[in-house]
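Colleague: The primary structure of each chain is shown beneath.
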Amino acid sequence: MASIKNMFRKALNKSAGSVGESRKHDLGTQIVAEPVSGDIDNDGSVEVVIGTNDGQVIAYTEAGEKKWVFKASADVGEVEEMFMEAGSVNSIDSKPFLFDINNDGKHEVLVGTQSGMVYAIDSKGKNIWSYKAGDAVKGSVNALDADNDGKKELVFGSSDGNIYMLDMKGKLKKKINAGAGIESTPVKFGELMIICTSRGDILAYNPEGDREWSYKAGNRITAEPNILRTRSGEEKIVVGSTDNNMYCLNKDGTLNWVFETKGAIYSKAEITDINNDKEEEIIFGSCDNYIYALDEEGKRLWSYETDFWIIGTPVVMDIDDDGKKEVIIGSYDNNIYVLAGEGMYSMEYIPGLSGITAQEGSYSDISTQTPGEVIGKNLWLIRLEDIVIGCCQAGKNILAETKNGSVIWLQHKY
Amino acid sequence: MAQSIVTSPENISRIKTYIKGFDENIQGGIPEGHITLIHGSAGTMKSSLCFSILYNEAILNKKTGLYISLEQSFHSIIKNMVNMGFDMNKINLVYIEDLANFSNNIQELKQGEGNLIVVDIGAIRKLVKDVKVSENRSWLNVVKNIVLKTKKACEFDLLTFDSLSALYTLSTFENPRMELFYLFEYLRDLEITSYLISEENSNSRESIYDSEAFLSDGIIVLRLTPFRRNIVREIKVDKMRATKCNNDVFSFEYRNGAFHAMYGGQNPLL
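These protein sequences, in sequence, are chains A and B. In terms of the numbering used here, the first sequence opens at residue 1 and continues consecutively. In terms of the numbering used here, the second sequence opens at residue 1001 and continues consecutively.
One chain only, chain B, in its complex shape (with noise of 0.2 Å):
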């Protein structure tokens, strides 16, 4: 697919991340098309900042985003969205749950107006579970179809894969750089702005498979540090091709029904 050729820093899209205080240290946010992982262990609100990004902009830029989800269910998604002040009757929701009524599932998306695609992959394997399935057939091709498919049915924008980690445990990588290296492409070629969920190893900051850090355009870590006896969330950039970011280390927060990052490391009001 030809892209045009970026002439000037200003004429770089941006999405931007919802965060105040935060997209105003990345040049007003990511660059479209970016593949960005979220890297953190749990509890860092990855899904939902992701959440909270496809939600903003379905409302105010008329965009559509689809969230797949590998583990966490639908439901329970919404669930906690809803709690964080999150008005599911501002953008039409669609959620899948079988892939045999993919198609007709996905025409219910509204053309020229923002949605957000929810497919719960957990709900479909226990569908699918009786279905033969053979050792080439895998989770990740399911995941590149209903990409695929949804891009036919309209002009998506958007994509949260939650998460990379569930995929792994899923599917066999041979070789991960080499099959990794394809799924970017894969989203690359389809210019899909996409935030990859990668959760933090207990054990490790590092993911299982490092490819995919070198392999995305962009890395937002969020961690959880100590801090006297509490615990507070922290946000930082640790790679962000063609932007000026602040690599600084931001507390991180949602109150009044926005998220906030704090800078210079200031911690939250305790």
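Here chain A stands alone, though its shape is the one from the complex (with noise of 0.2 Å):
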């Protein structure tokens, strides 16, 4: 019977099925950072990674069988640790990174910690190397070539305000001074390297790490900046901020556009083409409760309200193989929104109805004017039980992290 339903919805072209939990963990300790995944270790199949406030990165299979765990420790002083995160001393608060440092065809885990360490670990979980920076890595760490030698770096940045770039056995080959505190991570732009700091600006480095440009935002910046290619070819930087505006910026540090939310941005924009017009649209959550999507010149195609803040990066797939992708977001407010990526056509004029009476001064009641607007449209709602840090794509699956450390496999089922 529910066969013969679904049928009927995806002739009408609605959304079929429902999603809903296959597995959980619970962790017994916070998660602030968002997590990832990636085939690490090589099998053919996905891994998700996590790493939670009291040191631990974790990865799973797929479906949700535990990997391995690995446990940061630091040794900081009492005055020290006093003046960090409460019991957060080797806290990951940022999503791990994953990327093949020993050309081994598996994939290594980078993570920082709140005391300022960066470990590499490898795909069953040991230690290669720690390096320690001046203060907390609140940032990811990101492989580029900074210095435009054909190798690739790990570069991240701390809230001593230097910029680390190490080679891939953990070592130091340069720092450079950003002259505030970073949490955000950095990004290659062409031959520049971009980083945004706690201070609101954003900076662009050339390969001999000289500044090439910066551009002042009202607040600090904690997103790690996204590169939108548009549709004349051209690229453009798009980075939200904690003063409430997402902005996107031309490669010579110019405004190029601002779009302006009623609350701060704390994650990167996804960018990519959620509706098939082969355009990159952005998409972002703000304070303000609302998940938004914009094009390419920062006007909104859409928005969709929440109850309380969005604070995760958006993850688009088609999670029901309608050939449609879905813009998949946790909030505050404990939900997870499924949303139809091309939105939903709302009318406000219907023909032969309302027309001739909301068209002052036309004598036809077919519009010359907008007769609606594209609105947010919620496929699927998923309640938690708690606070929604982060999402990933697992597969087929998605992977969710509660702010006390469930961590959920939500699955789409016909």
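Hints should not be assumed to be uniformly reliable.
Claimed, not checked - Pairs of lysine-lysine, DSSO-like flavour, derived with a Cα cap of 30 Å:
1. A/403 with B/1152
2. A/299 with A/262
3. A/403 with B/1239
Stated by the list, open to error - Each pair of labels, with its calculated beta carbon distance range:
4. B/1028 with A/386: 31 to 41 Å
5. A/214 with B/1169: 29 to 39 Å
6. B/1169 with A/129: 41 to 51 Å
7. B/1245 with A/126: 58 to 68 Å
8. B/1085 with A/260: 54 to 64 Å
9. B/1098 with A/295: 50 to 60 Å
10. A/253 with B/1231: 56 to 66 Å
Stated by the list, open to error - Just a sample of chain A residues kept apart from chain B, beta carbon distances all over 12 Å, derived:
11. 41
12. 105
13. 125
14. 150
15. 209
16. 298
17. 300
Read the hints as simulated data drawn from the structure, not as lab findings. Cβ atoms here follow ideal geometry from the backbone N, Cα and C, with glycine treated the same way.
Put the two chains together into one complex, using the hints given.
Modeller: If you want it as structure tokens, here you go:
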């Protein structure tokens, strides 16, 4: 009976089936970092890696079996510890980064901690090396060829205001002072390296390590910048700030557009084509409780209001295999929202009914004005027991994490 | 942390304010686990009231209270309370003025007995002024760590934080509502009954961030009101979740070793 109902729903272009919990682990510790997925051991299936507030790095199989646990531990003095986030000396505050640092075909896991340690962990959970930065590492590590020598470096920022560049063996190659603490993740943009600071600076460094340009946002930036490729082939930098704005900058650091929300933006915007129009859209959440989808010119395609702040980065995938992308995002209202990537057309005007009165001065009942708008469309709502910190795609499933340490696998079923 | 669901009003445990004539008007006291703002201008006895609650709970109910003072020194607080007739020999008073010895100091707590821990952040600030503190390492973290470490060392129940206003000057709150939300959630997760002293600005009745009023479970307002050629202290409840309150303004005074609230806006004997 259910399958016939689903067939009808599919025929009517409606979402079919349901999304529900398939597996859950309670870790007994808080989580503040978003999860990441990738085939770390090159076995053809995806693993999920999460970092916890008590310094655990845990790898799970796609289906949710625990593979290994690594425990970060740093020796910190009592006074220094008092100034760190309570009970979180070894806390992993940002998404683990997966990269093959030793060319063995497997991905290593790189994580930074509150105490300023960066750990390189192999695909079996063994520590390869560690590096101590001058202060907390709150952004993710990235692999990019910052000095343009043809070899990638492991680059990350620290709260001590420095950008660290390590070789693949964990040795310091170069350190650049950014002038303010860093909680964001560096990215490569053409030949430039872009990094954002806690004073709201968006900084571009050339391969020599000199500052090429800077742009000042109104407040702290914790989000990782992302690169937008426009239909004309240009590349732009897109990054949100806690000053409530999403900024889009040109290659020379000038402002292309800014989109204002009513709440702080903490996480990276996802940039991908969500509605099959062959153009990239920008999707992000804000502490004004909304998730936004913008076009490349910074115009709102749709937005959807949740009941509380959105801190995490959205996941874009086709969860129900209907050929259309869904936007999946968790909110501080304890819910995971699965939204239709293309949104939904909402008519304000119905020809023959409201049109004549609605169109002042018009002699036709066919609107020449915009008769409606695209709005966000929620396909499924999954209620969890706690604040949702982040999600990632785990093969065909979604993995969601909550603040109090639940790791939940969500699956679409017909 | 899973909390049991309250099934009847009688199941709500309450902490007395030890103000005669006031507890009777708030169903016996403030619900356990509540975060209550004690709001008022200078001289309204906010600190004394909070100290009195912790002191009485330590003696009468063997509870452990933590008093974190950001500005007023330990010695100044104790001098004031002793002058009001509080006997510090009746309680196990633990004084903390050095973060480096925090773990040792906390060992002085007597398990199963009432304790009153006073953390003098002003003295700590003097000691650590030469320690390099980077911009992300705030005094808010120090406060949260003191609470957490104390909670791990003993089952402490009551917290007074004196004052939120001083914390705002020590730490930069870029997003006050969000950071206060986390602070309040932090205290709620630890299931501590908290009294947060909020100083009234001389120019305005509102505190710096009115978010705290929305996030708190209760607000008790203390104020000074001119009366003839005198000033009288008054107390009222602006907000108290899970409590049937008499929201009238009470006269508020300390006499004969106890705080008193007089119903109906009666003036103290003049």
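Colleague: State for each hint whether it applies.
Modeller: Here's how the hints hold up against the structure:
A threshold of 30 Å between alpha carbons decides the hint, and for residue 403 of chain A with residue 1152 of chain B the separation of about 21 Å falls inside it, so the pair holds. Restraint check for residue 299 of chain A and residue 262 of chain A: satisfied, since their Cα atoms lie roughly 16 Å apart, inside the 30 Å limit. The hinted pair formed by residue 403 of chain A and residue 1239 of chain B meets the criterion: a straight-line CA distance of about 29 Å does not exceed 30 Å. In this structure, residue 1028 of chain B and residue 386 of chain A meet the distance hint of 31 to 41 Å, their C-beta atoms being roughly 32 Å apart.
Between residue 214 of chain A and residue 1169 of chain B the beta carbons are some 30 Å apart, a value that agrees with the proposed interval 29 to 39 Å. Judged by the Cβ atoms, the range 41 to 51 Å given for residue 1169 of chain B and residue 129 of chain A holds: they are separated by roughly 42 Å. Taking the beta carbon of each, residue 1245 of chain B and residue 126 of chain A are about 60 Å apart, inside 58 to 68 Å as hinted. With their beta carbons about 58 Å apart, residue 1085 of chain B and residue 260 of chain A fall inside the hinted range of 54 to 64 Å.
At about 58 Å, the beta-carbon gap between residue 1098 of chain B and residue 295 of chain A stays in the expected band of 50 to 60 Å. Between residue 253 of chain A and residue 1231 of chain B the Cβ separation comes to about 59 Å, which falls inside the hinted range of 56 to 66 Å. The claim that residue 41 of chain A lies off the interface holds: its Cβ sits roughly 35 Å from the closest Cβ of chain B, which is beyond the 12 Å cut-off. For residue 105 of chain A, the condition that its CB be more than 12 Å from all CB atoms of chain B holds, with the nearest at approximately 37 Å.
For residue 125 of chain A, the condition that its CB be more than 12 Å from all CB atoms of chain B holds, with the nearest at approximately 28 Å. With a least CB separation of 35 Å from chain B, residue 150 of chain A remains clear of the 12 Å interface cut-off, as annotated. With 12 Å as the threshold on Cβ separation, the claim that residue 209 of chain A sits away from chain B holds: the shortest Cβ distance comes to roughly 22 Å. Annotated as non-interface, residue 298 of chain A keeps its C-beta farther than 12 Å from every C-beta of chain B; the closest such distance is 23 Å.
Distance check on residue 300 of chain A: its Cβ is at least 23 Å (rounded) from any Cβ of chain B, clearing the 12 Å threshold; non-interface status holds.
The structure shown violates none of the earlier numbered hints.
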